[in-house]
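Note that the protein sequences, when read in sequence, are chains Y and P.
Each residue of the first sequence is one higher than the last, beginning at 0 in numbering that gives the first Met the number 0.
Each residue of the second sequence is one higher than the last, beginning at 0 in numbering that gives the first Met the number 0.
The hints are simulated quantities; they were obtained by calculation from the structure and are not laboratory data.
Heads up, a few of these hints could be off.
[Claimed, not checked] Derived list of chain P stretches under chain Y, where covered just means 3 residues or more per stretch with a C-beta under 8 Å from a C-beta of chain Y:
#1 56-62
#2 277-287
[Said to hold, decoys possible] If we take Cβ atoms under 7 Å as the criterion, some of the chain Y residues that face chain P in the derived model are:
#3 1
#4 2
#5 7
#6 10
#7 11
#8 14
#9 15
#10 17
#11 18
#12 19
#13 22
#14 23
#15 25
#16 26
#17 30
[Said to hold, decoys possible] Residues of chain P clear of chain Y, computed beta-carbon distances all greater than 10 Å:
#18 74
#19 77
#20 82
#21 123
#22 157
#23 211
#24 212
#25 213
#26 216
#27 291
#28 380
#29 402
#30 468
#31 501
Every value quoted in this text rests on a predicted model; they were computed, and no experiment measured them.
No residue lacks a Cβ here, since even glycine has one placed at the ideal position from N, Cα and C.
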Amino acid sequence: MLGIEDVSVAFVWVATVLSALGCVIYGAVMWNRGGGERE
Amino acid sequence: MNLSVLIPLCLAYIGVMSLLAYYGYKKTTSEADYLVGGRNINPIVMALSYGATFISTSAMVGFGGVASIYGLSLLWLAFLNIVLGIFVAFAVFGKKIRRLSLKLDATTFPSLLGKHYNSKFITVFSGVVIFIFMPAYTSIVLIGGGRFLQETLSMNFNAALLILAVIIALYVIGGGIKAVMYTDAFAAVIMLIGMAIFLFTSYQAVGGIVDGHQALASLKSMVPDSLASQGHQGWTSMPELGSPMWWTLVSTIIMGVGIGVLAQPQLAMRCMTVNNDRALYRSVLVGGIFIFFMTGAAYMIGPLSNVYFMETAGQLSISVAGGNPDLVIPKFINTLMPGWFIYVFTLTLLSATISTVSSLIHVQASAFGEDILKTLGIRSVLGNVISPARLGVIVGVILSVILAYLLPGGVIAQATAFWFGICAAGFLPALVGAFYWKKASRAGAVYSIITGFGVSMFGFLFLHEKQSVAFGLSEALFGKGYLLAYPWTHVDPLFYALPLSTTVFIGLSLFTSNRQIEEEGVQTERVNAR
């Protein structure tokens, strides 16, 4: 997959990209949630 | 490199950093401003500052060079850096740290633990550990910056080290955490631009993602015998299970640094500087992008450099770099990238050094002034001429510069793993217990912290070959570099110190928590009711 022979290494290449993308999506979705006042 | 371009560029860069530090100084009017930014720092600034503190030159150049040897399997660390170092650190732990520090009015990592467990010992002991051992980490980051300035600007190493130390000390003394975080954020933007360009150009140079990976996989037959005998199976495979390379990769590089990030005082305290949970959620977005383009990019670029050098020079990266992994990334940049990028990358590495050192110095200073002196009842020094925390900056900088001369060369990666490892083993059980476990007791926390630091220190100094040989104490006392045979020489001390400190924490807490509650009344109310 993706030219990488070891499945676990191919998995982690994809997982690294997706986790960064996940952080972007999470931050965007939660941008206006979670309480804006000091608590 | 043209010095008539580079020197004015560096001066302009230092000028912008100085202006930002001055802005931080003007905005710092109270002790809370100095220590936690008045708990009102912009989330984007916080995330960039966290990232720039996290990533030093050793992460980009040192670990990038290591990735050229180990291959893409090092991406497990980048994955953990994003998932644990950003998502869990901000959205899960960060929320708890922020609420707990606000509730207990704690402004430092040691005082957060000490106040929660109602133990001055924890505050002072943690402060002492930070003040004594963090300079080892600070000094190697400083050495990296000094060596880099020596190479690029043809400066004298001693002068480079002192100039860096004095500039950083001045703005940390004046502007506290606000100056540190504003300058960090500017540094982070430069780092982000530099590494993003570098990553895209690297993949372009090897024919794209799939072709580049296939070319890298086809180099399997080129693995040097010295690496193959250690378990190396090619740059797109994990090392052989249980081999020395596998143990180093999994226990030190992936687990040690990957888990260690959660208990780093200089990173955890960043979550105290924002004023609500929303800010932490927003920080996840910026932090995820930043760390991907730092560690993710470095661990992709390092292995790919082998393909490029094999095509252009007929050699592997490590051979082109003369056997020194720290030179792989600089060599790759000098041969692959256009001339203007070398200037950008020079500022990128300077940014990585200054942002990490300034944050470490600030935490050392607050450990000295707040956690040690104030907890022991010393509220003014030198007749109120200077606050204890600011005196801590001066002492911390002097300690780090002295250590930079005492530490042996080539210990950047070892000293990083050492600091991350002892923090995880010492602080993590007590920290997680403070967030999630009502039965967590003071005795459990105290002895867990002592066990974690004691066992991991023993492991690093006497068992784990890379550190024990580098530090030389085992050789001096027992006449041999390490005390036990393989696999103990390659198993990171975190692997046994963290389970031990966790066991002590749970066991003692179960044994003492009920009695402590009866004796002292209700413990600190937990903040995660919501």
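Now the hints, each set against the structure:
no. : hint    : result
1   : 56-62   : violated (count 0)
2   : 277-287 : holds (count 10)
3   : 1       : 6 Å, holds
4   : 2       : 3 Å, holds
5   : 7       : 6 Å, holds
6   : 10      : 9 Å, violated
7   : 11      : 5 Å, holds
8   : 14      : 5 Å, holds
9   : 15      : 5 Å, holds
10  : 17      : 9 Å, violated
11  : 18      : 4 Å, holds
12  : 19      : 3 Å, holds
13  : 22      : 2 Å, holds
14  : 23      : 5 Å, holds
15  : 25      : 5 Å, holds
16  : 26      : 2 Å, holds
17  : 30      : 6 Å, holds
18  : 74      : 5 Å, violated
19  : 77      : 5 Å, violated
20  : 82      : 5 Å, violated
21  : 123     : 30 Å, holds
22  : 157     : 40 Å, holds
23  : 211     : 7 Å, violated
24  : 212     : 3 Å, violated
25  : 213     : 4 Å, violated
26  : 216     : 5 Å, violated
27  : 291     : 3 Å, violated
28  : 380     : 33 Å, holds
29  : 402     : 34 Å, holds
30  : 468     : 30 Å, holds
31  : 501     : 26 Å, holds
Violated hints for the displayed structure, listed by number in ascending order: 1, 6, 10, 18, 19, 20, 23, 24, 25, 26 and 27.
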